[in-house]
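Please work from the sequences and hints to get the whole structure.
There are 2 protein chains.
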Amino acid sequence: MKYTPKKEPSPKNVVSPSVIKRLPRYFRYLRILIREGKSRISSGELAEMMGVTASQIRQDLNCFGGFGQQGYGYNVTYLYAKICDLLGVGAGLTAIIVGAGNLGRAIVRSSMFEKRGVDVVGMFDVNPLFLGQDVGGVLVHPMQELDDFCRKHKIDIAVLTLPKEAAAETAAALLGLGITGFWNFTGQELELGEAAVVENVHLGDSLMTLCYRICSEEEKNGK
Amino acid sequence: MKYTPKKEPSPKNVVSPSVIKRLPRYFRYLRILIREGKSRISSGELAEMMGVTASQIRQDLNCFGGFGQQGYGYNVTYLYAKICDLLGVGAGLTAIIVGAGNLGRAIVRSSMFEKRGVDVVGMFDVNPLFLGQDVGGVLVHPMQELDDFCRKHKIDIAVLTLPKEAAAETAAALLGLGITGFWNFTGQELELGEAAVVENVHLGDSLMTLCYRICSEEEKNGK
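In order, the protein sequences belong to chains A and B.
Using my numbering, read the first sequence as starting at 2 and increasing by one per residue.
Using my numbering, read the second sequence as starting at 2 and increasing by one per residue.
Simulated from the structure, these hints should not be mistaken for lab results.
Quantities reported herein were computed from a predicted structural model and do not represent experimental measurements.
Careful, some of the hints might be misleading.
[What the hints assert, rightly or not] To be clear about the criterion: a stretch of chain A counts as covered by chain B if any three or more of its residues have a C-beta under 8 Å from a C-beta of chain B, and this derived list gives those stretches:
| hint | segment |
| --- | --- |
| 1 | 20 to 34 |
| 2 | 112 to 125 |
| 3 | 143 to 157 |
| 4 | 166 to 173 |
[Claimed, not checked] Just a sample of chain A residues kept apart from chain B, beta carbon distances all over 10 Å, derived:
| hint | residue |
| --- | --- |
| 5 | Ser-17 |
| 6 | Ser-44 |
| 7 | Gly-45 |
| 8 | Thr-78 |
| 9 | Tyr-81 |
| 10 | Gly-133 |
| 11 | Gln-134 |
| 12 | Trp-184 |
Glycine residues also receive a C-beta, built at the ideal position from the N, C-alpha and C atoms.
Laid out in structure tokens, this is it:
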């Protein structure tokens, strides 16, 4: 049977925020399938992999046109390409890392950015010992060069891995230099107004959820 | 007016998972209030700080007995203590960090564990260069000592910051040594069965959400 994708509605107008939140998971699992050389998958198989129901999968993917076909399932490469497109992978976004301490180094050395098509073009730090270092192929610049650097390159994302105390002031300066996307690991709430898109990572919240679940389990088991 | 807490229902039986998920945020904001020396706060003020509605706050906190009183608001210290109790802060949980690379070091040096009452008692790594190092007051041990160490200490949480390739095997071994809580940064899905509590951190998902939001904004603004 020839694979013919259904006619799609204009995606970004119809996909609900809760579906969008789940798309990165689809992205991850589809990458695994591609790596394994699988060209198509049923909603049932995908559901089992992801630990959700097949009907949830069908519902989610129907939101932006289906991509699947009764008796065939999903074309893995096609679905992956569509999800990449929706999520802005391949939109050519660029990022800088502000703070070249352990967290900044861990993040820049991970394959996260490359996998998601984000180009990390520089790291910045106040520590003179770090300057000129090559961290996973990215050069550490002094903070004084930030201004010039941002005028020369179009930067979409600032990854904030600097100390909390310096976060608010630095973020405001970066916004002034035209950067509007902030991936904020500092734990400092940023008030940058509507022009900015801020994604906060609060690792401590995740740790607390784990502690809560461990204590609940122990209670359940009468420990 | 004297502050008299309402009679509370047995908390863990009535609090819904979605409320539990929000509790770490209350924890964070109440810590700020305590630091600022504030002893009481109205649901309206707390709502403004947290960027939610006052009715959401009242609803959430009512789930486990209220803690508030008409015309008085919430007693900050009392509410903080209750939330700590619910979340297992002060339950005396212990953790080890498996993987002393940049991410492990960044995590152990943060104040996350101390704030949440989790005691980090050791780090482990295969790299002989790291052995015996003191990272933020925590000693790096060789992986060969893991077995002995876990028999001598009761460990509740293994923080997995080792390479993805070694994650599944190491986690299974740790479970065999009696550790049931896993804070998993490796990106590897762990299949440890029902005896284990696994909290996965997928930083890449957060990055993708940010990229999506940036692209949506740019589209909206006709860029």
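Structure-based check of all given hints:
no., hint, verdict
1, 20 to 34, "holds (count 7)"
2, 112 to 125, "holds (count 5)"
3, 143 to 157, "violated (count 1)"
4, 166 to 173, "violated (count 0)"
5, Ser-17, "13 Å, holds"
6, Ser-44, "19 Å, holds"
7, Gly-45, "18 Å, holds"
8, Thr-78, "19 Å, holds"
9, Tyr-81, "13 Å, holds"
10, Gly-133, "18 Å, holds"
11, Gln-134, "13 Å, holds"
12, Trp-184, "5 Å, violated"
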